[in-house]
Each structure stands twice: as structure tokens, then as C-alpha cells.
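2 protein chains.
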Amino acid sequence: MNKNAIGVFDSGLGGLTAMKELCKIMPHEDIVYFGDTSRVPYGTRSADTIIRYARQDLNFLSTFEIKAALVACGTISAVALDTIKSDYSFPIVGVIESAAKAALKISKNRRIGILGTQATVNSGAYERKLTEADPNCKTMSIPCPLFVPLVENGHTDPNDPLTNGAIELYLSKLLPFKADTIILGCTHYPIIAQAIRRFVGSETNLINPGKEAALTISSLLHENGMSNNAGVGKHSYYVSDSTDNFETYGSVFMGRSINGEVHKIDIEKY
Amino acid sequence: MNKNAIGVFDSGLGGLTAMKELCKIMPHEDIVYFGDTSRVPYGTRSADTIIRYARQDLNFLSTFEIKAALVACGTISAVALDTIKSDYSFPIVGVIESAAKAALKISKNRRIGILGTQATVNSGAYERKLTEADPNCKTMSIPCPLFVPLVENGHTDPNDPLTNGAIELYLSKLLPFKADTIILGCTHYPIIAQAIRRFVGSETNLINPGKEAALTISSLLHENGMSNNAGVGKHSYYVSDSTDNFETYGSVFMGRSINGEVHKIDIEKY
Numbered sequence: 005m006n007k008n009a010i011g012v013f014d015s016g017l018g019g020l021t022a023m024k025e026l027c028k029i030m031p032h033e034d035i036v037y038f039g040d041t042s043r044v045p046y047g048t049r050s051a052d053t054i055i056r057y058a059r060q061d062l063n064f065l066s067t068f069e070i071k072a073a074l075v076a077c078g079t080i081s082a083v084a085l086d087t088i089k090s091d092y093s094f095p096i097v098g099v100i101e102s103a104a105k106a107a108l109k110i111s112k113n114r115r116i117g118i119l120g121t122q123a124t125v126n127s128g129a130y131e132r133k134l135t136e137a138d139p140n141c142k143t144m145s146i147p148c149p150l151f152v153p154l155v156e157n158g159h160t161d162p163n164d165p166l167t168n169g170a171i172e173l174y175l176s177k178l179l180p181f182k183a184d185t186i187i188l189g190c191t192h193y194p195i196i197a198q199a200i201r202r203f204v205g206s207e208t209n210l211i212n213p214g215k216e217a218a219l220t221i222s223s224l225l226h227e228n229g230m231s232n233n234a235g236v237g238k239h240s241y242y243v244s245d246s247t248d249n250f251e252t253y254g255s256v257f258m259g260r261s262i263n264g265e266v267h268k269i270d271i272e273k274y
Numbered sequence: 005m006n007k008n009a010i011g012v013f014d015s016g017l018g019g020l021t022a023m024k025e026l027c028k029i030m031p032h033e034d035i036v037y038f039g040d041t042s043r044v045p046y047g048t049r050s051a052d053t054i055i056r057y058a059r060q061d062l063n064f065l066s067t068f069e070i071k072a073a074l075v076a077c078g079t080i081s082a083v084a085l086d087t088i089k090s091d092y093s094f095p096i097v098g099v100i101e102s103a104a105k106a107a108l109k110i111s112k113n114r115r116i117g118i119l120g121t122q123a124t125v126n127s128g129a130y131e132r133k134l135t136e137a138d139p140n141c142k143t144m145s146i147p148c149p150l151f152v153p154l155v156e157n158g159h160t161d162p163n164d165p166l167t168n169g170a171i172e173l174y175l176s177k178l179l180p181f182k183a184d185t186i187i188l189g190c191t192h193y194p195i196i197a198q199a200i201r202r203f204v205g206s207e208t209n210l211i212n213p214g215k216e217a218a219l220t221i222s223s224l225l226h227e228n229g230m231s232n233n234a235g236v237g238k239h240s241y242y243v244s245d246s247t248d249n250f251e252t253y254g255s256v257f258m259g260r261s262i263n264g265e266v267h268k269i270d271i272e273k274y
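Protein chains in written order, with my numbering: chain G, 5 to 274; chain B, 5 to 274.
Read the hints as simulated data drawn from the structure, not as lab findings. Treat the numbers as computed from the prediction; the structure is a model and nothing was measured. Glycine included, C-beta positions come from ideal geometry on N, C-alpha and C. Take every hint as true, because none was put in to throw you off.
So the derived label-pair ranges between C-beta atoms look like this:
#1 G:GLU172 x B:SER261: 32 to 38 Å
#2 B:HIS267 x G:LEU173: 32 to 38 Å
#3 B:THR135 x G:LYS28: 47 to 53 Å
#4 G:PRO162 x B:PRO180: 28 to 34 Å
#5 G:ASP248 x B:SER240: 33 to 39 Å
#6 G:ASN126 x B:VAL266: 18 to 24 Å
#7 G:GLY235 x B:THR160: 53 to 59 Å
#8 B:HIS267 x G:GLY158: 35 to 41 Å
#9 G:ASN126 x B:SER206: 38 to 44 Å
#10 G:GLN198 x B:GLY205: 36 to 42 Å
#11 G:THR87 x B:SER261: 32 to 38 Å
#12 B:PHE68 x G:ASN163: 48 to 54 Å
Start from the sequences, fold in the hints, and give me the full structure.
Written out as C-alpha cells, the structure is:
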């Protein structure tokens with residue numbers, strides 16, 4: 005047993021969709037969340053900038069005695085994780101590998117669709133993980149740059165006309181590919197999963213990478229005798245911009261009101 | 005005559021819509037542009053963060069011998085300008101005051117609509133400038149948070165269904181107010197002026213704040229004998245993230261291909 009906390013971080017508050025899954029799977033664990041709200045979004049920035057920001061995020065989480073870190077951000081997992089993970093003494097689990105494994109486990113026709121930010125798609129990280137594990141697997145990646153602003157501006161109702169317009173615009177290209185499994189490759193996308201599900205049909209598998217990464221962390225800690233099995237885990241939240249409205253915006257991603265203290269830190273110091 | 009350059013800055017590349025107007029009005033002037041592309045957008049951040057970023061932007065421009073600065077960003081003009089402008093020895097012209105003056109000059113019914121980012125609208129800066137100058141003037145402000153991501157993702161065709169959907173969503177609220185003049189209170193909005201114009205009708209005046217700020221700078225320099233009247237102005241561009249794709253994205257806002265050198269700087273050093 006190891007009582008240290010698990011760190012979760014993201015470019016903003018979207019990573020709370022992964023935190024939500026981790027809380028459900030590991031209710032006894034202390035969890036520290038960091039959202040880089042003063043520099044969100046990462047998805048439109050260059051690889052150098054994303055790597056620099058990700059190092060600062062992990063340096064900050066390292067100031068706590070954490071036993072593992074979950075990179076909730078698709079962009080950081082795709083662009084920075086392989087470069088920086090050996091610099092830290094604790095295991096760091098990204099969303100890409102976990103989601104790719106889950107997709108290959110469930111797909112029957114080996115045709116997998118990937119939705120993500122422009123940076124995630126440009127990185128080719130999902131395709132690489134998928135085809136390394138199964139060279140016969142076929143992939144099609146679609147950048148969906150309007151999904152994040154739509155979710156962040158409250159267009160989350162399954163009947164929202166703008167969200168459905170964007171889904172039609174992006175996912176029409178995917179239909180002829182006949183993917184039986186689609187990876188929702190950005191923290192925000194599970195929030196509009198219901199509208200996406202309606203467009204692609206009920207037979208298609210939708211993979212939530214945050215949930216898959218939470219399951220990976222859980223297995224890792226269990227296998228190494230490092231999980232907590234008693235008590236109620238404490239949750240704390242750190243952001244790099246104002247904590248005003250954290251509850252309002254955060255609860256959209258957590259799917260419930262947020263328990264735990266919220267603090268502001270200066271990420272440029274790390 | 006003063007041969008020093010004019011500085012123009014913005015949270016990103018949107019301020020190039022103001023630079024474009026300044027180049028047209030003052031073709032003999034050297035102009036230095038800074039776009040804070042590693043931290044864009046400012047519109048969703050707290051006032052403290054916006055003020056800190058704006059100081060760094062002006063500190064960077066101060067490393068050139070500039071004779072005046074144009075704040076192309078509606079958010080910075082609204083939230084930070086009054087706080088920081090006295091810290092600098094050169095005049096700093098924001099978009100708010102210039103656009104408010106132009107709106108009052110042209111409006112007949114004294115009913116003025118303001119479209120802007122959430123931060124610009126929350127600041128109440130346009131309303132304050134308008135009602136200070138004319139206490140009988142009535143205003144209605146509408147936050148249009150999806151316009152920036154729509155423009156940045158290429159949805160600029162006047163017939164684009166998503167852009168027209170967003171225009172309908174936001175501007176329907178403005179129609180009963182019967183504004184005869186609408187301020188396009190964010191650098192990106194002039195790019196979709198044609199679609200906005202179609203929705204509000206040809207009788208409504210649309211104010212482009214970047215153009216009005218450029219006219220203000222031009223008058224200020226002429227009146228003080230500080231303008232250049234000969235030669236072709238040199239233009240240089242600085243950004244805080246990668247210079248890749250600057251030409252592609254920048255030309256959307258400049259309305260033409262970009263002449264001049266593009267450099268990357270580390271804005272956190274200023």
C-alpha cells in the first residue's frame with residue numbers, strides 16, 4: 005500500500021472527465037488535479053511549446069509526493085509524453101496507449117476512427133500505437149477543432165443545432181470508412197458522446213481515453229501493491245488562472261458538483 | 005517627422021486586421037507587430053492574467069524605439085489598457101475609445117449594439133465609453149464566443165452554415181433592440197462582416213474597431229508632426245509560438261500575403 009496521491013493534469017479543465025473516471029474506479033485514492041487554465045488550449049500550439057508546458061505541469065505535480073500521474077490531455081499524450089516521461093521517477097500514463105489498447109480489444113473489423121484536436125491528429129500518435137500493435141488495423145483520423153469551443157460554451161445538449169452541425173461536418177467524412185470503433189481523442193469529446201453516438205449509430209463502439217487511462221493506472225497500482233483500499237480519498241485542484249467559476253465550468257466535466265479545495269498557482273515558476 | 009516605428013500588438017494573429025488598416029492608412033510607416041500566439045486567447049482569462057500578459061507585450065514592443073502603440077485586441081483594450089498605459093512614455097491607442105467615438109458619430113437613433121468576447125462584454129468597457137460620451141445613448145452587448153474559433157478554423161465563407169448558425173444564435177437577441185450601429189468588438193469579427201451584414205440588413209452601420217484605432221493613431225501622429233510622409237514602410241512580425249504557418253493563418257487576417265520577416269520570441273522574458 006502506498007498512501008501518496010495520484011496526479012492528474014491537463015491543459016485546462018477538460019481533464020476532469022478523466023478525473024471523474026479515476027474517482028469512480030479508485031474511490032480510496034487521494035488525487036491532485038492540475039489544469040493549466042492560463043495557457044489552455046495546447047492543441048493549437050507547436051510541439052516545442054507543448055513539451056515545455058508539459059514539463060512545467062509535471063514539475064509542479066512533482067512537488068507533491070505522487071505515486072503516479074495520469075496525463076488527461078490528448079495533445080500532451082500525443083506530442084510530449086514519449087519525450088519527457090523518463091525524466092520523472094514515477095510512472096506516467098497517457099491517454100493514447102490506453103485508448104489504443106481498448107480500441108483494438110473491442111474492434112471486430114479492425115477499422116478504427118480517431119477524433120482529436122489538430123495537434124493530436126498531426127502527431128499521428130494514435131495511428132502509430134494502433135498499427136504497431138496490429139499491423140492489419142486500418143485507421144482514419146479527423147481533426148474536430150470546433151468541438152472544444154462548442155463544449156466550453158455550453159453547447160452540450162444532444163439536440164444543440166451547432167454541435168450537431170459540427171458533428172455532421174466532421175463525421176460525414178468518417179462514414180464511408182465504416183469504422184466499428186471510434187476513439188474520442190480529446191478530453192472534451194465524451195461530453196458530447198450522446199450526439200456523436202446518434203450520428204454514428206448504436207453499433208459503433210465509442211472509446212473514452214480518460215476512462216481507459218484511469219483503468220490503466222488502477223491496474224498498475226494494484227499489480228504493484230501500491231493502491232489504497234480503505235478510507236475516502238481526498239481531492240485537491242490547482243489551476244494557473246483565477247479560481248473564479250472553477251465550480252461552474254469544472255462541474256460540466258465532472259458531471260457533478262466539485263468537492264475539494266481549489267488553488268491558483270504560477271505555473272511559469274516550475 | 006519621426007522615423008521610429010509604430011507597434012501593434014494582439015493576443016494572437018487577429019490583430020493583423022488592424023495592422024492591415026494601419027498599412028493602408030499609413031503606407032510610409034515602419035510597423036512592428038507582436039502576436040502572443042503561445043498564450044492566445046486572452047478573452048477567456050482573468051483580469052489579473054490579462055493585465056500581466058499585456059504588460060509583457062508592451063515591454064517587448066518597448067525594446068524597439070516605437071513612437072506609438074496600437075492595442076488591436078478588444079480584450080486587452082477593455083480590461084488592461086486604463087491600468088497600464090501610464091507606465092509607458094509613448095501614446096497607446098486602444099480599440100475601445102476609437103470605436104466608441106466612431107459609433108456615436110454615425111448613429112442616428114443612439115442605440116448601439118456591441119459584439120465581443122466574454123471578457124470584453126463582462127468588462128463593460130464599451131458601454132462606459134459610449135454612455136460617458138453620450139448619456140442618452142442606449143447599448144446592448146452580446147458575447148459571441150464561437151466567432152473566434154469559427155474564423156480560426158476557416159469558417160469565413162459568407163454562406164458557411166455553422167457561422168451563419170452562430171450569427172443567428174447570437175444576433176437574434178439584438179434584433180428587437182433595433183440598434184442602427186453595431187461595433188464588431190473583436191479583431192476576428194470583421195472577417196465575417198459580410199455574413200453579419202446579411203443578417204442585420206444593409207441599413208445597419210458596422211464599426212471595425214481596428215480601422216478606427218488606425219485612424220486615431222494616424223491623426224495623433226499627423227497632429228504632432230510625428231508621421232512619415234515618404235518611403236515605403238518596413239513591416240516586421242514577432243510571435244511567441246512557432247512561426248510555422250504564420251503566412252497561412254496571418255494572410256486570412258491581412259487579406260493578402262504577408263511581406264516582412266517573422267521572428268519567434270520568448271514573451272515570458274519581458
